[in-house]
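Put together the whole structure using the sequences plus the hints.
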Amino acid sequence: MSQWTHVAGLVRLDGIGMMKGWTPEDEKRELEKVLAASSLPFGSEGPLQYQVQIIFPQNQLCRGHIALWGDLRDYGDVKEIREWFKGLLSNFSFDYYLPNQS
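Numbering (the numbering used here), first residue to last: 287 to 388.
To be clear, the hints were calculated from the coordinates, so they are not data collected in a lab.
In this text, a Cβ means the ideal position worked out from N, Cα and C, and glycines have one as well.
Please note that a few of the clues may not be correct.
To be verified - Cβ-Cβ distance ranges computed for the label pairs, FRET-style:
no.: 1; residue 1: 296; residue 2: 316; range: 33 to 39 angstroms
no.: 2; residue 1: 330; residue 2: 300; range: 35 to 41 angstroms
no.: 3; residue 1: 365; residue 2: 309; range: 33 to 39 angstroms
no.: 4; residue 1: 372; residue 2: 290; range: 18 to 24 angstroms
no.: 5; residue 1: 294; residue 2: 341; range: 19 to 25 angstroms
no.: 6; residue 1: 339; residue 2: 368; range: 22 to 28 angstroms
no.: 7; residue 1: 372; residue 2: 335; range: 18 to 24 angstroms
no.: 8; residue 1: 362; residue 2: 323; range: 33 to 39 angstroms
Shown next as C-alpha cells:
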C-alpha cells in the first residue's frame, strides 16, 4: 500500500519592498530561480509543483503569490517538508508564520 503526503501552500508577496525598476516578468523570473534551486521535495512520482503569480499594477499592497502543491507518493516525512519550506522562505527578507499542523 502506498503512502501519500498531500501538500498545499500559498505565500503572499507584499508590494512593499519589491525591487524598483523591475518588471513583473523580472520579479517572476527571479522568484522562479530561487524555487528551482531549492531542491523541491520529491516523491516516487515527482516533486512538488509551484506557480509564481505577479500582479500588476505596482501600486497594490499584495504584489502576488507563490502557490505550492503536490501529492508526494512514498514520502512520509512531513517535518522534512516543513524544514525545506522554512529554508526556502529564508531566501527572502520577510517575516512568516507556519501553522504547526501535519
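Hint-by-hint comparison with the structure:
1. 296 x 316: 33 to 39 angstroms: Violated: the Cβ-Cβ distance is about 19 angstroms, outside 33 to 39 angstroms.
2. 330 x 300: 35 to 41 angstroms: holds (36 angstroms)
3. 365 x 309: 33 to 39 angstroms: holds (38 angstroms)
4. 372 x 290: 18 to 24 angstroms: About 22 angstroms separates the Cβ atoms of residue 372 and residue 290, which means 18 to 24 angstroms holds.
5. 294 x 341: 19 to 25 angstroms: Given about 20 angstroms between the Cβ atoms, the range holds.
6. 339 x 368: 22 to 28 angstroms: 23 angstroms Cβ-Cβ, so the 22 to 28 angstroms window holds.
7. 372 x 335: 18 to 24 angstroms: holds (19 angstroms)
8. 362 x 323: 33 to 39 angstroms: violated (25 angstroms)
Violation of the numbered hints given earlier is confined to hints 1, 8; the remaining hints are satisfied by the structure.
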